[in-house]
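**Q** Spelled out, the chains give:
2 protein chains.
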Amino acid sequence: MEEFVQTVKDLLEAQQWQRLKALLAPKNPNDLAHIFAEFTPSERVVLFRLLEKQEAVEVFENLPLEEQQELLGSFKQEQLREIVEHMSPDDRASLLDELPAKVAKRLLALLTSEERTATALLLGYEDNTAGRIMTPEYIDLKSFVNVAQALEKIRRVGLDKETIYYCYVTDEQRRLIGAVSLRQLVLADPGTRVSDLMEQDLIYAHTNEDQEEVAHKIQKYDLLALPVVDREDRLVGIVTHDDVIDIIQDEVTEDIYRLGAVQVPEQNYFKSRIIAVSSHRLGWLLFLLVANTITGNIIIHYSNLLESVIALAAFVPLLTGSGGNIGSQTSTVFVRGLALKEITAKNALRLILREVWVGLLLGALLGTIVIIWAYWLQGNWLVALAVGLSLWLISTLATFFGSVWPLVFQRIGLDPAMVSAPFISTVVDVLGALTYFQVANFILTYGK
Amino acid sequence: MEEFVQTVKDLLEAQQWQRLKALLAPKNPNDLAHIFAEFTPSERVVLFRLLEKQEAVEVFENLPLEEQQELLGSFKQEQLREIVEHMSPDDRASLLDELPAKVAKRLLALLTSEERTATALLLGYEDNTAGRIMTPEYIDLKSFVNVAQALEKIRRVGLDKETIYYCYVTDEQRRLIGAVSLRQLVLADPGTRVSDLMEQDLIYAHTNEDQEEVAHKIQKYDLLALPVVDREDRLVGIVTHDDVIDIIQDEVTEDIYRLGAVQVPEQNYFKSRIIAVSSHRLGWLLFLLVANTITGNIIIHYSNLLESVIALAAFVPLLTGSGGNIGSQTSTVFVRGLALKEITAKNALRLILREVWVGLLLGALLGTIVIIWAYWLQGNWLVALAVGLSLWLISTLATFFGSVWPLVFQRIGLDPAMVSAPFISTVVDVLGALTYFQVANFILTYGK
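Chain order of the listed sequences is A and B.
Going by the working numbering, 343 is the number at position 256 of the first sequence; the sequence numbering is gapless.
Going by the working numbering, 507 is the number at position 420 of the second sequence; the sequence numbering is gapless.
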């Protein structure tokens, strides 16, 4: 690919338009869209004009929104109309959504009234709902036609439709009553009625359903497309399988950001400004800072103890750090388990208990190691014992809270992924400091 | 669904077999497989026997491997043969893979020689490769047939094939030379030759290609199926779109586990034993424990300073904690950015610099807040200043290392997701303690 980019750049410089055209024509539009980022904005405009119309539309649909907007600015009125008119309605809706209202209005005005209605329909639904991501370009059939008539209709109208692999059957009120796959139609006898063939126990979505829900349905039932109905059960669009992966990736990015205590940004993180990036971090940092001050207060509270055995201070980061690590490990697997629905009301208690056992086991192991090291470092067996025993307790507390917090968050309606590594580490910091000084105080007082 | 489970349980208890049969028959196999977990093993066996054969196979294919194995044990020879013979070859291969060798061999012996060959073919490829996840049930066409003949062949053999939406064109040596979609065939004139219709610039995979690569190709090019060829470019199978989402979810789970410093388990985490779970955590914990002891050594090194100003100890957890949080935030977005290929060689340096600016900004903000709090807590302006200034420096170091480490890991061939929150927190702990005591030493020495 790098070689290809270089060749294109050379030809651009040499102004070899015909050779460039011949070079670009046989390329896959997805590939072209992908390498567009390698060129400067003005190079992109030139390249884009060298593409054939259908190829140009497909490349355009596959570009990131930022590059789409930038290209739009360079188009003449007529070219603008051609590109935007030929985009599929769902891609067009998400482009219009991102444009300044004035530009979007100008663009809408260029469309035929039919295309305008289709787009406006989608734009009328809320962000991240089935209505917004569906396409109205599906094939609908009546239940009384036979297979030959159905195939005839598919041949007539199929070219403009997003998929012809599922056709939907509607009644006189345009209510969805069934679906039939092209597979069934092709394999069936031409005289069979669609009503005898169609699946009636349909999986579908409502226009206001969350897109994540839509993605899960398509995933769970291995569908190529999912029909979308309005409040009156009338068929208004379909969501196709290729949208699902993007939705899942977005959802996962959200979860991963939350696990890292980063607020989910509206725009692509890597394209946001420094101020926006900072503000997406600040909320959690301030909250955690306040929690961290509690740890400071605990230490100040025990400063007499610290003054008499200064070596105790050396083990605070080790204990809170290890506790945080153990807690993060536990919360990570629990948050993911909840997202994949592997943790259920039925097995939650058993899994929490298992974590606590893991904490006891790991704590015993690490605690033993730490006793030896702590003795070697400062030569006091009592301090070493206090450190080791504390680590054992902290490890157990960390697995307990690391497994319970995500469940509590889910129960009170928050995203369990908000139990981030920083969050659980901070909770364990507070508990860890408290545990350590209590244990040390006890051992040093009674151990003498 | 809960209601349905309860009804089934009631009917089971009342031994109303006919009513149960009628209740189960119209249900979607994916739904049935999903709720199977709600029943006891012996209830499952009874329910399974009440299903019609085709329904039973589909439910079976959708069960988790553990439940499949458990059910297998209860089957009679004949029933066993029927279920396993009708499974699709890729699902069967992954089941056989998990069974004890002896059981797998017995099962293979039950199959017809044709089915046995298909399964053995898949089992011959390495885990997680295209060869292992493909199905040999595709439709192949010759290039010289026309559309009518192609459709005729699809009608004849289509029922047994995993998908009929893409057909692949092969030459006499069974080498892949093109592909044609059912959409093209249905929309074309019946007399057109397949050779005039077929796409020749094909996207395909080799049998030994990693399944993640396969998933990315299907995702990038919005395919319904991807053909798989062997070393001689002969077509041997296809991977269908519905396998992709599972692969992506597995991949994401791996990333999330790594980000939480949990070693990726071979078996489902929630089904592993306590010892296995603990051992998957121990590696990182031990490594991080060693790193944490460095922080302890640093503090011991500065114990004279601590002894003279005991209040300094109170701020260690706050500083290392906040530094760890800022570092985790940065590494999280960088790891995800690398996974989604949003960070490239071209923009990496700019993004690192941006992070450092973010670190300076956040550090200045948080540092100012902390100075006030630290003074309030212990009444010494010099200590408060040392704490605030340290936080500023630590915040900047944290964003620098949080962004650079994932890139370094990728460069040396490790998974960037191994730069987990615990890892970066521990690195920042060491740097943070060092920074703090240096700054405090300087300010307290020269500030007097």
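One or more hints might be untrue.
Chain copies aren't distinguished; within one or between two, either way the pair holds.
What the hints assert, rightly or not - Straight-line C-alpha distance at most 30 Å; calculated DSSO-like pairs for lysine-lysine: (1) K304 to K96; (2) K189 to K307; (3) K307 to K248; (4) K192 to K114; (5) K248 to K433; (6) K428 to K307; (7) K189 to K240; (8) K96 to K163; (9) K140 to K192; (10) K229 to K240; (11) K163 to K229; (12) K189 to K304; (13) K304 to K428; (14) K304 to K248; (15) K189 to K433; (16) K114 to K189; (17) K248 to K229; (18) K108 to K307; (19) K240 to K358; (20) K96 to K192; (21) K240 to K192; (22) K192 to K108; (23) K163 to K140; (24) K307 to K433.
These are computed hints drawn from the structure, not numbers from a lab.
Treat the numbers as computed from the prediction; the structure is a model and nothing was measured.
**Q** May I ask which of the numbered hints given earlier this structure violates, with the numbers listed in increasing order?
**A** 2, 4, 5, 7, 11, 12, 15, 16, 19, 20, 21 and 22
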